[in-house]
Amino acid sequence: MRRELAGLLAVTALLTGCASVPSGSQVVGGRVAGHQQPIDDPYVRVIPVGPDRGWDPGKIVTAFQAASGSFDGPNGEHKVAREYLACGGCWRPGVATVVYDRVTQSSVEVNGDHAVVTDEVYPLGRIGSDGQYLADSRNFKQTYELRQDPQKQWRITTLPQELLLSRNDVDRAFRTFDLYFFAPDPHAQILVPNPVYIPLVNRTWLAEQLVKQQIGGPTAWLRSASVRTGFPAGTQLRRLDITGGLATVDLSRQARSGDLRGMSIQLMWTLRQLREVSQLKLEIDGKPVQVPGVSGTVQSASTWSAYDPDGTGGVPEGYARTADGRLARLAGTPQVVLPKLHVSHPAISYDERQVAAVSGAGDKVTVTSLVDGATRAVLQANLKGGRFSTPSWDRRGNLWAVESNARGSRLWEIEAGTKKRAVDGWNLAPYPVKALRISRDGTRAAAIVQMGDVAEVQLGRVDRAPAGGGLQAEGFITISSDLRGALDLAWRDADHLAVVGLTLENPSPLLYDVPVSGAPLQPMAGPGSDMRSIAAYPGAPLLVGRHVSNPQSLDNVCWLSDKYGEWKCFDHTSDPAYPG
Amino acid sequence: MSARFPLRTSARHGLRVVRRLLNGALGRANTGWRRSIRVRVATTTLVVSGLVVVLLGVFLMQQITNALLEAKERAALLQLDDGVGVAQGRLATGPTDQETTNAKLNDVVTTLARRSGPTGLYEVIIIDENDPGIGGFSSNGIKLDSVPARLTQQVKDSLASTPYRTYGRLSYDDGSSAAGLIVGTKVNGYQLYYLFPLTEERQSLIVVQRTLFGVGAALVLLLAAIASLVTRQVVIPVRLAAQSAERLAAGRLEERMKVRGEDDLARLATSFNDMAANLQEKIVQLEELSKVQRQFVSDVSHELRTPLTTIRIAADVLYEAREDFDPLTSRSAELLQSQLERFEGLLVDLLEISRYDAGAATLDADSIDVRELVLRAVGDTEDLAERKGSKIIQQLPGEATMAEVDRRRVERILRNLLVNAVEHGEGKDIVVSVGADRDAVAIAVRDHGCGLRPGEAHMVFDRFWRADPARARTTGGTGLGLSISKEDARLHGGWLQAWGEPDQGSQFRLSLPRVAGAELRGSPLPLVPPEVELRRAPYAELKLEADA
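Chains D and E supply the protein sequences, listed in that same order. Here the working numbering is used: the first residue of the first sequence is 1, the next is one more, and so on. Here the working numbering is used: the first residue of the second sequence is 1001, the next is one more, and so on.
Hints were generated in silico from the structure; no laboratory data involved. Warning: the hint list may mix true and false statements.
Keeping only pairs whose Cα atoms sit at most 20 Å apart, straight-line, the calculated SDA-like set for lysine to any residue is [unchecked claim]:
| # | chain 1 | residue 1 | chain 2 | residue 2 |
| --- | --- | --- | --- | --- |
| 1 | D | Lys59 | E | Lys1391 |
| 2 | D | Lys79 | E | Ser1171 |
| 3 | E | Lys1143 | D | Pro520 |
| 4 | E | Lys1143 | D | Thr204 |
| 5 | E | Lys1143 | D | Gly50 |
| 6 | D | Lys59 | E | Val1378 |
| 7 | E | Lys1143 | D | Leu510 |
| 8 | E | Lys1143 | D | Arg203 |
| 9 | E | Lys1143 | D | Leu200 |
| 10 | E | Lys1391 | E | Val1378 |
| 11 | D | Lys79 | E | Ser1176 |
Bound conformation, chain D alone (with noise of 0.2 Å):
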């Protein structure tokens, strides 16, 4: 009998054994098994809802805008929204878009079964039909007409063939992706950036899309840049899709008569800012092909990291300017380039072996060789009473400058440092223009022009008519509604500006990171108050120039060290540059 207890007692110790969990156990690695989604990439939607019975036509409007802020249904085509419409077929909107920072119902007029709603609306900006956002913060009227239908219920007859929707809303609903081109210099593959807002639909159409729109070219505000694209006209999407990282994008037959590498390039670079993405596999009507330079049908994202729009060779220091007025090299602490040589405004050219600079007066441009010292070019103002502002170099050795006085400005390149010229396709000539630098791509130029007393960021196009034609930098589109003022800026990368400006929150001058998709602005902790200049490169530390009006501490620059995420300054110096 107790030989049975103990057994039982035994085989129930067992078997409790068996169900219980280890607390405690050797170290074991791990791997991660693929993540189903991005991590920090939470998309947030609204869900709209249809018309009510009895709604009268001015919450019929408000409610229609606010269920067409979801791009719902299997393509996004605002299935929800069009139930408030009297004709839900007739309405294409597309992404054009109005983005609005208020709208106001300003009057309801109801008239037997019709009705008209006026809204008054504060747009910021406009995005096109292409997907370019244009900033636009003229405020105009809206009118909607309604009907009632058989059912006595109220509807939308006539509406913006666009969508209207707050700054939220966009946020929600839309992303931004750069789709990528070359520059028209045929000679230098570099990839400009074309930024895109694209409607979050799901996922895998946004991925679609994505690759639609890089294959169909670019916006039509930077097809004016010429720029170029590997993929032949007529080239359509068979077939996208993405598993384990790797994107395998099918096209048309079209596509064999294309620059296979160029677009391999093209679709790398796009594709990549998509967070499952990290391998590309070509194929041309279901074939995979070879694309010349690469070992397997598989390219990876470091095979074309050569193509970095944001170039590829090492960090530089940076320069900035003593307070007895020569040009030092921050390294640890400023080093004197050149004892000779005094700067104000100083601009170093990319292989580093020229600096422009501006004159004391403000009224010439000086380029010295860093190398021996020598004056290459002198550029006298033209304007009467024509000042400089802080030159900027393009990858190929060219130098731009823009000389305005209260009533305009003109735009002049020093080509390879010593043949000026002036541009005769100057748009922003009417305008005082207070910085401009151009992108490293050379295509686009970022410029702070005083529209009336709003000083305003614009992005415009560097025009290179082909066979040597006329010079044109046109196109320039306010890129953010936000900013009401701005003292200095400069290209943090392909696709980002570092803007010293003000807000209509902030009056007083701060730092903001400006993509110019038009995405919102963000703001940068800034060393302080009274920045006054900018200098940034990619992957190096923003160069911020403050003046300071306390005797002691004179004009400093200050950089953001990596290493502890906060500001240094060196004392005594000013005009901070970067090659560029």
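Given the coordinates of chain D, work out where chain E should sit on it, guided by the hints.
Frame of chain D; chain E shown alone:
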């Protein structure tokens, strides 16, 4: 068309083969089921344990599913509680205009969805019923109809901070869907739902289910194998016992079983052996007894013969001198003589029948023309027939009718039949006919006497049977003749049958195989004489007409 024919025929052929194989397998299985305890036990174990394992598996699966879902529900409610805290904190403050509210709700959903982690532990839906056009906010493309109406109703009607949960189907914008757990509660007048896809749980359950399937199948097969093995241990001794019993039955009385160990089977073997020993003893005893009996009969006959011979000699003397005696004594001497002859015949017949009884009769077969035997038997009985006034008519085939028979025995049969016919023939004609076919010969003896009453056709072959016990015996038959004849016929593998009807006479038919020992399938001659058969037919016809 021509190409299809071979295809069809080959298909039909294949079907036939399959059907044959199937039938064969079924037949084998059936045979196996009927003949083998092992197959039966193994199959029963398989079926019963299969049932038990299935039941157990279902129960286990249910338990595991319940445990898993309960844990999930607890975790879900905790998550929801956590989310409610966050949402309350964010929604309570700030302005309450629609745009700000939307921004706040958006912010809440983003924050809560971000907490869900990289594996998409859950999705969040917040429902705002005050805003026209916007029903609320959802994370990562989950559709509003993922929240069942029953839950919405419950949450809407509830007081704040009471969480509710239910199971439903989560559907996403890209068309995919998954089973999920949905928990919801009311926060500041909004409805907050957490939707947990149960994909992981499903995966785990599938793994568990597969494991259960595998283990169950293995267990069932193992049990069947064990049952088969165990049965084998029992069945093999039983088979050995059966074998032993068969051998014993075949007469090998010295057969014994091996006794191994002390278990039940050993006891069976011991009992069997005891039984066999007893049986052997009894059989040996009986054999001895029968041997003694045979010896006794043989001895008796021998012992009776010697005094009988002496009596016979004395009786003969008396019989010779009967004319010198007074009539009474003379009659006595005659009687003595005749009764002695009967006694002698009886003794011979008794000896013969006792030989049959002892199984000592042997067939001494030769190939003989049956007609010859008939002629001889008729020759022997012609005198008697004449005396009775009967004529023996012979109907013999023209050619030789050869058969392997024992001359002495067949002659005896024929003699018996003829004497019998003469005796009961009432002086009418007696017909002896011989027929033959490929396998058999037959001899029929027909008389036209008083015949047999119904039922007597079988009794005629009984020992000492008489049709009319009162009738005097004129020919001095012993009453054993037909019995011996029947035994003789049987020894040949043949038949001896009688037919008779009152006032129609009777017919005895002897059928013998042509080859000794061959099986007899039919007789070349009819048992009922053809003329009787023919006579019956018109009546039958008339009767039919009368009916019509």
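Outcome of the hint check:
1. Proximity of D/Lys59 to E/Lys1391 is assessed by CA-CA distance (about 140 Å); at most 20 Å being required, the pair is judged violated.
2. Distance check on the hinted pair: D/Lys79 and E/Ser1171 sit about 17 Å apart at the alpha-carbon level, within 20 Å; holds.
3. The straight-line distance between the Cα atoms of E/Lys1143 and D/Pro520 is roughly 28 Å, outside the 20 Å bound, and the hint therefore fails.
4. With a C-alpha separation of about 16 Å, the suggested pairing of E/Lys1143 with D/Thr204 holds against the 20 Å cut-off.
5. Taken as a hint, the E/Lys1143 and D/Gly50 pair is honoured in the structure, with Cα atoms around 15 Å apart against an allowance of 20 Å.
6. Taking the CA atoms of D/Lys59 and E/Val1378, the gap is near 138 Å; set against the 20 Å cutoff, the hint is violated.
7. Distance check on the hinted pair: E/Lys1143 and D/Leu510 sit about 42 Å apart at the alpha-carbon level, beyond 20 Å; violated.
8. In summary, the hint linking E/Lys1143 to D/Arg203 is supported, as the alpha carbons are separated by about 15 Å, within the 20 Å threshold.
9. Distance check on the hinted pair: E/Lys1143 and D/Leu200 sit about 15 Å apart at the alpha-carbon level, within 20 Å; holds.
10. For the proposed pair E/Lys1391 and E/Val1378, the alpha carbon gap of about 10 Å is at most 20 Å, so the pair holds.
11. About 18 Å separates the Cα atoms of D/Lys79 and E/Ser1176, which keeps this hinted pair within 20 Å; it holds.
Checked against the numbered hints given earlier, this structure breaks hints 1, 3, 6 and 7; the rest are met.
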